[in-house]
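J.: Heads up: the sequence lines are chains A and B, in that order.
Throughout the first sequence, residue numbering follows our numbering, covering 1 to 145 in sequence.
Throughout the second sequence, residue numbering follows our numbering, covering 1 to 145 in sequence.
No lab work stands behind these hints: they were computed from the structure.
Cβ atoms here follow ideal geometry from the backbone N, Cα and C, with glycine treated the same way.
Among the hints, erroneous ones may be present.
Have a look at the derived ranges for each label pair, beta carbon to beta carbon [as the list claims (entries may be wrong)]:
{"no.": "1", "chain 1": "B", "residue 1": "SER22", "chain 2": "A", "residue 2": "ARG118", "range": "39 to 49 Å"}
{"no.": "2", "chain 1": "B", "residue 1": "SER22", "chain 2": "A", "residue 2": "ARG97", "range": "16 to 26 Å"}
{"no.": "3", "chain 1": "B", "residue 1": "GLU93", "chain 2": "A", "residue 2": "SER22", "range": "15 to 25 Å"}
{"no.": "4", "chain 1": "B", "residue 1": "ALA61", "chain 2": "A", "residue 2": "THR89", "range": "13 to 23 Å"}
{"no.": "5", "chain 1": "A", "residue 1": "ARG118", "chain 2": "B", "residue 2": "ALA112", "range": "20 to 30 Å"}
Chain B regions said to be covered by chain A (calculated; three or more residues, Cβ under 8 Å) [as the list claims (entries may be wrong)]:
{"no.": "6", "segment": "26-32"}
{"no.": "7", "segment": "41-53"}
{"no.": "8", "segment": "96-108"}
{"no.": "9", "segment": "137-145"}
2 protein chains.
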Amino acid sequence: MKKFVLAFAFSLVLAASAQAQSAKTAIDQANRNWITAFNKGDAAGIAQLYTEQATIFPPGAPMAKGRAAIQKFWQGAIEGGIKNAALQTLNIEQHGRLAREIGRFSLEVPDADKKLVRIEGKYVVIWKKVGPGWMLDIDIWNADK
Amino acid sequence: MKKFVLAFAFSLVLAASAQAQSAKTAIDQANRNWITAFNKGDAAGIAQLYTEQATIFPPGAPMAKGRAAIQKFWQGAIEGGIKNAALQTLNIEQHGRLAREIGRFSLEVPDADKKLVRIEGKYVVIWKKVGPGWMLDIDIWNADK
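Could you build all of it, start to finish, from the sequences and the hints given here?
T.: This is the structure in structure tokens:
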């Protein structure tokens with residue numbers, strides 16, 4: 001009986017670890033898709049990576065809820081000349097069908113002379129498992145300076 | 001058997017609802033404690049509301065990890081003359097021992113002439129259940145303008 005309990009507990013640990021691994025792999029891929037869409041100017045493609053009820057919390061602007069509002073926000077950022085976005089995940093913690101990611105970002109914003117200025121900052125994303133994949137549900141960020 | 005399954009399912013729904021209610025009640029109280037501590041200038045009291053490994057993500061500053069760094073950050077905000085902080089929870093979603101809160105904040109910051117200027121913004125907090133209570137584990141915010 002003791003052996004069985006230990007084997008069962010071990011299999012739970014393995015299952016939890018495999019689940020966390022699969023969340024991380026899926027989130028890494030979704031982040032790569034986000035960056036690819038942004039850097040080719042595809043705001044509709046970005047919006048599809050969010051849940052239908054997702055909310056973004058952009059610095060210097062009100063929160064925007066739902067894919068249409070999220071697409072409009074990123075379309076504005078793309079048309080404003082923001083370029084070369086990059087993301088670096090620092091940590092992912094999974095709780096069932098939810099995961100929270102913390103990370104760092106960089107992007108380039110045109111100044112008054114249209115010269116690109118590099119901005120660095122940090123973000124928190126809450127991901128939700130929707131069907132087989134993971135989608136951004138809450139997305140908030142701010143700059144370091 | 002069918003009746004038993006229904007009764008069991010119903011009791012699970014009740015239990016989940018009671019659990020969510022208790023998280024919300026505890027988080028509301030912790031937010032009131034946060035505001036009380038801030039508005040009396042008690043940075044150590046604020047820090048005690050965070051988990052030991054908590055991280056804050058302040059706009060215009062690097063992230064700060066751990067209670068000592070968090071206390072130092074809020075001490076700086078208090079010494080910088082920030083006053084009259086207020087929080088308004090918009091929504092709490094609980095997943096086991098984790099809950100994510102979204103909300104709005106306001107505070108007053110002195111300008112160059114030491115006149116207080118009201119700033120409004122939004123925040124995301126990830127709370128963790130630690131012992132019987134809930135503590136801030138991730139805290140990120142930014143201004144609307």
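J.: Run every hint past the structure and note whether it holds.
T.: Now the hints, each set against the structure:
no.	hint	in the structure
1	B:SER22 with A:ARG118: 39 to 49 Å	46 Å, holds
2	B:SER22 with A:ARG97: 16 to 26 Å	21 Å, holds
3	B:GLU93 with A:SER22: 15 to 25 Å	22 Å, holds
4	B:ALA61 with A:THR89: 13 to 23 Å	21 Å, holds
5	A:ARG118 with B:ALA112: 20 to 30 Å	28 Å, holds
6	26-32	violated (count 0)
7	41-53	violated (count 0)
8	96-108	holds (count 5)
9	137-145	holds (count 7)
Hint compliance for this structure: hints 6, 7 are broken, all remaining hints hold.
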